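**Q** Sequence:
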Amino acid sequence: MQLSKKVGRIYREYRSGRNKGGIESNRRQRKVMEWWNKMVFPVRRVWFSVSARVKARKNGAGLLKLHDDIQTCGYEDVQIMWEMLRRTESTLMSRHSKRKNWSFWRNVG
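According to this note's numbering, the sequence shown holds residues 7 to 115 in order.
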């Protein structure tokens, strides 16, 4: 029997409360559960964090696609609204960076 099938069987027995092998089986189950907690759960946590980062990057590409769609759009009012949003965002970003630099020098000097 493959190791993964053994682990799965022992894990299912552990979860269901069935105990077929007495004390030796309990020891084996404890070892498997220790291994399970030590190895599988940290790997799962890493997998979730990596997948969350990949999803976040994909969402950024959606804004680029939207920008391209707006640029190819024939309606002038849509392009004007996009320009207004872009200008507002750029002014907010420039204000934020100026404040950040100013507070840095204020704290140093």
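Careful: at least some of the hints might be erroneous.
Said to hold, decoys possible - Here are the computed lysine to any residue pairs in the SDA-like style, where the Cα-Cα straight-line distance is at most 25 Å:
1) K37 x R59
2) K11 x R36
3) K12 x R33
4) K44 x R59
5) K37 x V49
6) K61 x F47
7) K61 x H73
8) K44 x T78
9) K37 x K61
10) K11 x R59
11) K71 x R59
Said to hold, decoys possible - Listed next, with one range per pair, are the computed distances between beta-carbon atoms:
12) K11 x K44: 28 to 34 Å
13) L72 x M99: 33 to 39 Å
14) R18 x P48: 54 to 60 Å
15) E95 x S10: 47 to 53 Å
16) V52 x M99: 52 to 58 Å
17) I76 x S55: 31 to 37 Å
18) R18 x R59: 29 to 35 Å
19) V60 x Y17: 25 to 31 Å
Honestly, the hints are just simulated from the structure, not real lab data.
Because the structure is a prediction, the values reported are computed rather than measured.
Ideal placement from N, C-alpha and C gives every residue a C-beta, glycine not left out.
**Q** All the hints need checking, so say for each whether the structure fits it.
**A** These are the hints, each one checked on the structure:
1. K37 x R59: Violated, at roughly 33 Å.
2. K11 x R36: Given that 25 Å is the threshold and the Cα spacing comes to 17 Å, the pair holds.
3. K12 x R33: OK: K12 and R33 at ~14 Å, within 25 Å.
4. K44 x R59: holds, 24 Å
5. K37 x V49: Satisfied, since the Cα-Cα distance of roughly 18 Å is no more than 25 Å.
6. K61 x F47: holds, 21 Å
7. K61 x H73: Holds. K61 to H73 sits at ~19 Å (cutoff 25 Å).
8. K44 x T78: Not satisfied, since the Cα-Cα distance of roughly 53 Å exceeds 25 Å.
9. K37 x K61: Given pair K37, K61 is violated - Cα atoms ~36 Å apart, limit 25 Å.
10. K11 x R59: Violated, at about 32 Å.
11. K71 x R59: holds, 19 Å
12. K11 x K44: 28 to 34 Å: violated, 20 Å
13. L72 x M99: 33 to 39 Å: violated, 18 Å
14. R18 x P48: 54 to 60 Å: violated, 22 Å
15. E95 x S10: 47 to 53 Å: holds, 50 Å
16. V52 x M99: 52 to 58 Å: Violated - the Cβ-Cβ distance for V52 and M99, about 33 Å, lies outside 52 to 58 Å.
17. I76 x S55: 31 to 37 Å: holds, 33 Å
18. R18 x R59: 29 to 35 Å: The hinted range 29 to 35 Å holds for R18 and R59, with Cβ atoms some 33 Å apart.
19. V60 x Y17: 25 to 31 Å: holds, 29 Å
When held up to the earlier numbered hints, the structure conflicts with 1, 8, 9, 10, 12, 13, 14 and 16 and fits the remainder.
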